[in-house]
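Chemist: Here are the chains, one letter per residue:
2 protein chains.
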Amino acid sequence: MQLQCPMPKVDFEMITLGHGSGGLLTNKLLASGVFDLLKNDLLDERHDGAFINLQGKTAFSTDSFVISPIFFPNSNIGELAVNGTVNDLAMCGAIPRYLSLSFILEEGLSMQEFWEVLVSIKFACEKAGVCVVTGDTKVVEKGKGDKIFINTSGIGTVHPQANISLKNVNAEDSLVISGNVATHGIAIMSVREGLQFDTDIQSDTQALNSAVLTLIEKFGNDVHLLKDPTRGGVAAVLNEIARDTHLGIDLFQKNIPIDEQVEGACEILGLDPLYVANEGIFLSIVNSEIAEDYVQLLRTLPEGKNAQIIGKIVDAHPKQVILQSSIGGKRVVNMPVGEQLPRIC
Amino acid sequence: MQLQCPMPKVDFEMITLGHGSGGLLTNKLLASGVFDLLKNDLLDERHDGAFINLQGKTAFSTDSFVISPIFFPNSNIGELAVNGTVNDLAMCGAIPRYLSLSFILEEGLSMQEFWEVLVSIKFACEKAGVCVVTGDTKVVEKGKGDKIFINTSGIGTVHPQANISLKNVNAEDSLVISGNVATHGIAIMSVREGLQFDTDIQSDTQALNSAVLTLIEKFGNDVHLLKDPTRGGVAAVLNEIARDTHLGIDLFQKNIPIDEQVEGACEILGLDPLYVANEGIFLSIVNSEIAEDYVQLLRTLPEGKNAQIIGKIVDAHPKQVILQSSIGGKRVVNMPVGEQLPRIC
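Sequence lines, in order, name chains A and B. So in our numbering, spot 4 of the first sequence is number 4, and the numbers just go up one at a time. So in our numbering, spot 325 of the second sequence is number 325, and the numbers just go up one at a time.
Isolated chain A, as found in the complex:
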């Protein structure tokens, strides 16, 4: 449910090349509520960069968002761009604090659409507890972009009890997922392909930093690795982990949570849910001794009510991810090669 902010009165309805000029039109676009909307002391200084104070171990992350369409069930590219970078920082065991926000707008984009995206950015920032402290706006000619591309880069303070690293992953560790797989990818696919389901399948994009913080405060360095399985889905992320740790991963199909409708849609579309992009879930590799408690705590949180232990790290079959299927067979889950669904984030 998106709260609304009234659009400022402006004397233009569409973005033109001039809005990227650095001149009067750029100033008009920014003054027209953008600075007011995203207001904070650091942004208000309006220098070439923002001055921030940081102490100690810091995480720094960047992501460009090119999702098409820019509006999709339950969300849009603006909220996605905030949550995406917030989550990348959370996956580092960091408390996200500051974001940069950079737009590449296509000439002809309506001010109305731009405003809706901006409002979503505002609320997503508030929800995640971050603020936009510096930004940039460029405009390209019609046909040289696609409505809106957004880059967010983020800075977060690494939690003193966090020790997230590939190096900490050991055989016997448990693999935990925080929620249903494939939801975001299928939500986007349904809009693009004009598919109708009984109820709308909605993107699950959400900020995960609050849940991660709760888990790290409780379990500290028993949390070995955190990853959000976005592009390439669970399959890509697990294959990367197996490759980089030289360990194997066993995956238990029956434990992998998935919404019934999403599962049905995957069947219709011939998609393997393990390869579909996610936005609102994360994978944890944790000490197996605390895995049950970890899942129990995660399930008490709104972001983790469908959490499950879905696999374990093994010495056997190094660099390979093996799925134990619900009907008893086994198969290798390979790294996806190309693009199942382009421009999903």
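Just so you know, the hints here were simulated from the structure itself, not pulled from any lab data. A portion of the hints provided could be inaccurate.
Stated by the list, open to error - No farther apart than 25 Å at their CA atoms in a straight line, the calculated lysine-lysine pairs in the DSS-like style are these:
no.: 1; chain 1: B; residue 1: K305; chain 2: A; residue 2: K142
no.: 2; chain 1: A; residue 1: K218; chain 2: A; residue 2: K305
no.: 3; chain 1: A; residue 1: K167; chain 2: B; residue 2: K39
no.: 4; chain 1: B; residue 1: K167; chain 2: B; residue 2: K319
no.: 5; chain 1: A; residue 1: K57; chain 2: B; residue 2: K39
no.: 6; chain 1: A; residue 1: K167; chain 2: B; residue 2: K319
Chain A is already provided as a structure; the job is to place chain B on it using the hints.
Modeler: Just chain B, lined up with the frame of chain A:
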């Protein structure tokens, strides 16, 4: 003069949508020399974000680069993207340290061109003393982008003696420019319009952080404000300063340095050099008592050999920039409205 790195052997000549999938093709693209090329301990961790250690006052800046064409006399979008963010940090009085690097590639881009851009990024980083610690690569369909868009965000440590702020600008302060105006904009224009000059007009893009550091170490808080007059040129930046400080600016035309050929090109094209974009120069507003010494020191540096005092801050005509022309007249230099030259950076 661009140093070369041999292109890695890859089994593809063009970027395809699959290279943005997060799967095997993305890994192939990155493994194919990208990680080797930009190698450093922080990037090598390959997590969702980089872990860095920071203490104290820090500057954070972002910029997206959409320049067309991506190759232009003396440089390309890769070097520009590094220097642009390095310079934004330098303008904060900061020592640039870490960059993020995010690509939006258009399907069909040749691997050769992408490689040339990457190599330029590598050398620009080495020259400026920064390293790329985190990144992202997205690919959009042909016709939904334009070869390469790059976002760089940067983090720098503010120099302990720096105190750069609009609030420090006072009437009687001197306005110093570090070098010739309008060079970058005219270099780009000449390629786009196929103009021929006696000698090539080359972009002046360069990292300014070393020069700024030398100046701040010598003159400390007598340096009140630093700005690089990129999009919108000197006119836009000075108008912003006048607007935000509620002070006036007097500009002495006869002191404004400009290359003879660039000046000629501006005349032919009907462009006012004050509105043409720059990349390799910066404006300083300094205590008038040290202005002469400041310019003398600047002239000893390779980045500042054409430095001049070109104006002063005044109480008269608040929020207005007034040019005293070489032939004795006066005129208001207004904020540019729209785009004189789109996609100049």
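Chemist: If a hint holds in the structure, say so; if it does not, say that too.
Modeler: Status of the hints after comparison with the structure:
{"no.": "1", "hint": "B:K305 x A:K142", "in the structure": "violated (41 Å)"}
{"no.": "2", "hint": "A:K218 x A:K305", "in the structure": "holds (17 Å)"}
{"no.": "3", "hint": "A:K167 x B:K39", "in the structure": "holds (19 Å)"}
{"no.": "4", "hint": "B:K167 x B:K319", "in the structure": "holds (15 Å)"}
{"no.": "5", "hint": "A:K57 x B:K39", "in the structure": "holds (21 Å)"}
{"no.": "6", "hint": "A:K167 x B:K319", "in the structure": "violated (57 Å)"}
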